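Chains as they are written, first to last, in our numbering: chain A, 1 to 175; chain B, 1 to 142.
Since the hints were made in silico from the structure, they are not lab data.
Keep in mind that this is a model prediction, so the values were computed, not measured.
For each residue, glycine too, the CB sits at the ideal point set by N, CA and C.
Be careful, since some hints might not be right.
Simulated coverage check for chain B against chain A, where a stretch passes if three residues somewhere in it have a Cβ under 8 Å from a Cβ of chain A [said to hold, decoys possible]:
#1 34 to 47
#2 63 to 70
#3 110 to 118
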Amino acid sequence: MQFFGGTSEVTLSPSVPSSIGTGPLGSNAYMLYLFNRNGVCLLYKEWHRPLKTLDSNQDQKLMFGLLFSLKSFTAKMDPTRVEKGNLGVPLLPGEGCSFHCFRTNTYKLSFMESPSGIKIILVTHPKSKDHRENLRYIYNLYVGNVVKNPLYVPGTAIKCELFNTSLDQYIQTSI
Amino acid sequence: MAAAINCLFIINKSGGLIFYKDCGSAGRMDTNDSLRLASLWHSMHAISQQLSPVNGCSGIQLLQADTFDLHCFQSLTGTKFFVVSEPGAQHMEPLLKVIYELYTDYVLKNPFYEMEMPIRCELFDINLSQAIQRDRVALLGR
Chain A
1 MQFFGGTSEV TLSPSVPSSI GTGPLGSNAY MLYLFNRNGV CLLYKEWHRP LKTLDSNQDQ
61 KLMFGLLFSL KSFTAKMDPT RVEKGNLGVP LLPGEGCSFH CFRTNTYKLS FMESPSGIKI
121 ILVTHPKSKD HRENLRYIYN LYVGNVVKNP LYVPGTAIKC ELFNTSLDQY IQTSI
Chain B
1 MAAAINCLFI INKSGGLIFY KDCGSAGRMD TNDSLRLASL WHSMHAISQQ LSPVNGCSGI
61 QLLQADTFDL HCFQSLTGTK FFVVSEPGAQ HMEPLLKVIY ELYTDYVLKN PFYEMEMPIR
121 CELFDINLSQ AIQRDRVALL GR
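Put together the whole structure using the sequences plus the hints.
In structure tokens:
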């Protein structure tokens, strides 16, 4: 074990902030994406993103594609089920084994899909806690302030002020 | 018996599956499916680096699905090792490093092994089975 037994483990991850807070808002959140079931990005917000490799449209497409493939990957990999279907066949929301988060050395991505196919993606600091409750709360905010807004046209970008402010406030205080 | 890990994949630096071991999962996966899953994982690993909001991302290390956890370790040369385990299984990183050591010892040092080709080394198989067995025993002891 002398290969890895040493104390100086090489790590590229950013150091954990001493106080909780990396973004300008003083929260752990980096980005938030909200997609509908057709892959249209309804909302994109970023709080802390020093590195941008792609333009926003390409970035959103790549993110949606990653989630799509990861979902078919997990559905196929599922070790508890005998009948797993074919790889790459589009899955309905809630069908097959899904995933709720993945972690890399620089960020953690939490994912939630509602039965109607709304996907909420929250990217945070890698050391942050489990965000399933937070995502559910954000989904409730979406239902309360966007879906119930009579002026909102489904499938278009969200421009509801009440939703934006309450979401910002929630991210700032709770994540 | 509760299995600590369900399966192990080793992927070479260009995304080809070079080793696959199933240690007890429901429904056998056929060879084509395991090859596809391996290359799918390779590309998703690369995409996750592209999407990083911060510099210096080295890809997915842990994927938490509803029914399993996937721990991935990428060596400096780009070979990826990943194990599928029960949700919340602990001590998977040390196991991956043990597997990496076995790989360096019994595969890379085997003079008949061609780089990036499927692994067919008896000693590696034997020692890998022992390592996984040890891990299971340790799991029962915990």
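Annotated coverage of the segment 110 to 118 of chain B by chain A, confirmed only when three residues or more have a Cβ within 8 Å: violated (count 0)
Assertion that chain A covers the segment 63 to 70 of chain B - criterion: three or more residues, beta-carbon distance below 8 Å: holds (count 7)
8 Å C-beta test of the segment 34 to 47 of chain B against chain A, three or more residues: Per the Cβ count (7), the hint holds.
Hint 3 alone, counting from the list given before, is not met by this structure.
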